[in-house]
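Peer 1: Model the full assembly from the supplied sequences, consistent with the hints where possible.
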Amino acid sequence: MNSALQCLSSVAPLTEYFTKGAWRNQVNSMSGRSRELSQEYSKLVTKMWDEETSSYDPSSFHTAVGKFKSQFKNFQQHDSQELLLAVLDTIHDDLRDTGSSIGSHLTKIVPFSVLSLPIPRKERGLTVHFVDCHPEASVVKHQIKVFTDGVVKDVCDVVSQIFNKQSDALVVAGIQAQSEVTPIADKTTPIKGLEAFADIFVYELSNFMVDVPIVVNFKQEKLFGSSSVGWPRIICIAESLTHADLVQDLKPYFTMLVDDADDLEIFLVDDFNKRQKLASTTNLPYYTQIDVEFSNSAIVDRKAGYEVTEDDGTVLTADDNLTLENCIQLYTSPETTEQANTNGKCMACNGNVKLSKQYEVKKLPPYLIFHLKRYRSTVYGVRKIKGHIQYPVQDLDMSQWCVDNRAGAEYDLIAVNNHMGEYGSGHYTAYAKHHKLDKWYEFNDTHVTRLSGSLVTSNAYFLIYKRREK
0 MNSALQCLSS VAPLTEYFTK GAWRNQVNSM SGRSRELSQE YSKLVTKMWD EETSSYDPSS
60 FHTAVGKFKS QFKNFQQHDS QELLLAVLDT IHDDLRDTGS SIGSHLTKIV PFSVLSLPIP
120 RKERGLTVHF VDCHPEASVV KHQIKVFTDG VVKDVCDVVS QIFNKQSDAL VVAGIQAQSE
180 VTPIADKTTP IKGLEAFADI FVYELSNFMV DVPIVVNFKQ EKLFGSSSVG WPRIICIAES
240 LTHADLVQDL KPYFTMLVDD ADDLEIFLVD DFNKRQKLAS TTNLPYYTQI DVEFSNSAIV
300 DRKAGYEVTE DDGTVLTADD NLTLENCIQL YTSPETTEQA NTNGKCMACN GNVKLSKQYE
360 VKKLPPYLIF HLKRYRSTVY GVRKIKGHIQ YPVQDLDMSQ WCVDNRAGAE YDLIAVNNHM
420 GEYGSGHYTA YAKHHKLDKW YEFNDTHVTR LSGSLVTSNA YFLIYKRREK
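Mapped onto numbering that gives the first Met the number 0, the consecutive letters of the sequence shown carry residue numbers 0 to 469.
It should be emphasised that the hints constitute simulated quantities derived from the structure, not laboratory data. As the structure is a prediction and not an experimental result, all values here were calculated from the model. Treat the hints with care, since some could be wrong.
Said to hold, decoys possible - Here are the simulated distance ranges between beta carbons:
id, residue 1, residue 2, range
1, Q328, V455, 31 to 39 Å
2, L329, Y55, 35 to 43 Å
3, S166, N349, 30 to 38 Å
4, V307, A184, 22 to 30 Å
To be verified - Think about it this way: if two alpha-carbon atoms lie no more than 25 Å apart in a straight line, the pair counts; the simulated PhoX-like pairs of lysine-lysine are:
id, residue 1, residue 2
5, K191, K121
6, K72, K121
7, K435, K42
8, K191, K372
9, K356, K121
10, K383, K121
11, K465, K19
12, K19, K46
13, K121, K186
14, K144, K372
15, K66, K46
16, K469, K361
17, K372, K121
18, K250, K276
19, K372, K362
20, K186, K164
21, K46, K385
22, K356, K385
23, K144, K385
24, K42, K19
25, K72, K362
26, K221, K250
27, K46, K140
28, K121, K385
29, K361, K144
30, K469, K435
31, K152, K383
32, K121, K140
33, K435, K465
34, K276, K221
35, K144, K186
36, K144, K164
37, K221, K191
38, K186, K383
39, K164, K191
40, K438, K46
The beta carbon of each residue, even a glycine, is placed where N, CA and C say it ideally should be.
Peer 2: Here you go:
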């Protein structure tokens, strides 16, 4: 609470409005409730800016906030931005002028206390080897773009679009040295987990709805053990089949590798890496891998086994230079619905259309509050986005995002709210500019010190800007 209130009190006109009592002359009689929170905020900022008061206990203000916003009743740590928004909204409702709203089915003008800005997801390049389900198809090496915080399913979705395949029919596998393959069955596995593998393969499965996917390795018998002679495959095979049927199913995959396709043995490998020679009939679900082993005397074309076709792709590295402007641009970008909505009607033909929405800044206020949405829901719960976001201390130009009256669109920073830690815990501090002394201070619980370091921090959670005076 302390950090949010210190930031808010740096807004000089609002502070003077409450310390000088002007707020008492503008009360919304239609709100149907007392002005307790406005009264308590007036008492709070008056004490905060009283030169004879070194500290002040905000307990009565905390109690007043809890009456109107029940989530703040207890003394647990709460989100500072949510508290800021709760205070502004409650005071606004106490004091606002009543009037009619403006809007239509096409455009709606809504006042915002805080702009909650999404943080663009960082992308990275990932090299994958795509393996078509057809035996004669060569392995295709391709560079794709994925989100750094994405999951394996995202890889499948991207590859399915590039090669026009069904995403559900794709399985991602990591391959280590000596062609040891590890299928990633859980598609919610983070992409970061793929970094442990030397190569990333994406296999297309045929008949994956009815048959059993199994890893197939091609090897050649040596004096001591065996060695791999080609990229592994993941093939869907019927659960129960004879030796002859299995050989027939596998034959198209190794005819290009060996001159004598009959000079081989097939072994089944279980979870404990125990190999068993294929019997007349076999129940495959008990095994995780098939080894097709050619004899030592067989002539094997190793080059064909490791043939790779290079495909064009975009090389992209993670971008560590996110800016506040990037966040504003994403916030104001058009967003289109995925499917046609029956509630969306074309005014010309009356047919169903895809709906889109876009936020635009109609009018710029004297002060801007930007909330950086550092929390994102994932399959593993809510995680904090800790990346550094560069924001200007001076000369923030908002003209490109303003629809009307772009004059006077330059802003300077006056307050920063910081959060250190994870979701649901951590610690808040504030940087605020003293509007009378024109100096920056850091507020850290009961400690107030002159700020000597940078105003730009990777812990920034919300920012307050003041429009530059002409």
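Peer 1: Take a quick look at whether K46 and K385 sit within 25 Å of each other, Cα to Cα.
Peer 2: Judged against 25 Å, a Cα distance of about 35 Å means the pair is violated.
Peer 1: Holds or violated: are the alpha carbons of K66 and K46 at most 25 Å from each other?
Peer 2: 22 Å, holds
Peer 1: Against the 25 Å threshold, does the CA-CA distance of K121 and K140 hold or violate the hint?
Peer 2: 23 Å, holds
Peer 1: Is the Cα-Cα distance between K191 and K372 25 Å or less?
Peer 2: Cα-Cα ~22 Å, so holds.
Peer 1: Do the alpha carbons of K144 and K186 lie within 25 Å of each other, as the hint requires?
Peer 2: 17 Å, holds
Peer 1: Please work out if K372 and K121 have their alpha carbons no farther apart than 25 Å.
Peer 2: 14 Å, holds
Peer 1: Run the distance test for K121 versus K186: straight-line Cα separation, threshold 25 Å.
Peer 2: 20 Å, holds
Peer 1: Quickly compare the C-alpha distance for K164 and K191 to 25 Å and report which way the hint goes.
Peer 2: 24 Å, holds
Peer 1: Between Q328 and V455, does the beta-carbon spacing fit 31 to 39 Å?
Peer 2: At 19 Å between Cβs, range violated.
Peer 1: Do the alpha carbons of K191 and K121 lie within 25 Å of each other, as the hint requires?
Peer 2: 13 Å, holds
Peer 1: Take a quick look at whether K372 and K362 sit within 25 Å of each other, Cα to Cα.
Peer 2: 23 Å, holds
Peer 1: Would the hint linking K250 and K276 be met if the CA-CA limit is 25 Å?
Peer 2: 17 Å, holds
The structure does not agree with the numbered hints 1, 6, 21, 22, 25, 27, 29 and 37 stated previously, though it agrees with the rest.
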